[in-house]
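Start from the sequences and build out the full structure, keeping to the hints where you can.
Numbers 1 to 151, taken from full-length UniProt numbering, label the letters of the sequence shown in order.
Hints should not be assumed to be uniformly reliable.
[To be verified] Simulated DEER-style distance windows between Cβ atoms:
(1) Gly104 with Ser26: 40 to 46 Å
(2) His20 with Thr68: 19 to 25 Å
(3) Glu102 with Lys10: 26 to 32 Å
(4) Arg60 with Tyr99: 30 to 36 Å
Hints in this document: simulated from the structure, not taken from any laboratory.
Since the structure is predicted, the reported quantities are computational estimates derived from the model, not experimental observations.
Note that CB positions come from ideal geometry on N, CA and C, so glycine has one too.
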Amino acid sequence: MKDVLDLSQKIDNLSRKAVHYAKGFSKDLDYTENSIDAVEEILEYYHNDLKGNIIKNFLRKIKNEVPTESQIWSLAAIWGAYLGDVICKNNSDRCKWVYEDEFGTGAILHIKIDNNSRAYPIDKVYKRLKNGSEDNITTFYEVLKKTLLKH
Numbered sequence: 001m002k003d004v005l006d007l008s009q010k011i012d013n014l015s016r017k018a019v020h021y022a023k024g025f026s027k028d029l030d031y032t033e034n035s036i037d038a039v040e041e042i043l044e045y046y047h048n049d050l051k052g053n054i055i056k057n058f059l060r061k062i063k064n065e066v067p068t069e070s071q072i073w074s075l076a077a078i079w080g081a082y083l084g085d086v087i088c089k090n091n092s093d094r095c096k097w098v099y100e101d102e103f104g105t106g107a108i109l110h111i112k113i114d115n116n117s118r119a120y121p122i123d124k125v126y127k128r129l130k131n132g133s134e135d136n137i138t139t140f141y142e143v144l145k146k147t148l149l150k151h
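Shown next as structure tokens:
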């Protein structure tokens with residue numbers, strides 16, 4: 001039981017960070033499905049910043065300020081926790097956060113849907129940060145709703 005509470009508390013803390021950080025972008029996140037569009041806009045900003053340009057990337061290397069994979073994963077955890085909370089809060093009878101070894105390679109934080117399907121919002125946000133709009137989270141959520149969350 002303590003593990004479930006710890007996990008819930010960690011997700012809640014990360015999700016609240018996203019809500020707080022969004023205010024810096026003049027966005028109010030309210031855990032509704034509509035708020036996913038605002039998160040997508042924020043992730044587009046981060047993606048463009050991470051991608052940089054020739055001059056920005058050169059200066060980052062000189063100053064040794066190139067974002068690390070750990071920093072990118074930290075961003076993904078914050079925004080992915082919020083995305084996952086939107087999924088769970090809007091489908092609370094069917095979804096829950098779990099931390100389990102799904103593939104035999106170590107435990108992964110993800111959402112279990114109806115005890116047989118899974119969604120990986122943190123991994124999806126990481127891909128969005130790295131790849132750009134081809135990994136759009138609004139589209140991810142819409143596909144999730146039409147396939148795994150359909151009633």
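Evaluated hints:
no.	hint	in the structure
1	Gly104 with Ser26: 40 to 46 Å	holds (44 Å)
2	His20 with Thr68: 19 to 25 Å	holds (22 Å)
3	Glu102 with Lys10: 26 to 32 Å	violated (18 Å)
4	Arg60 with Tyr99: 30 to 36 Å	holds (33 Å)
When the structure is compared with the earlier hints, a violation turns up for hint 3 alone.
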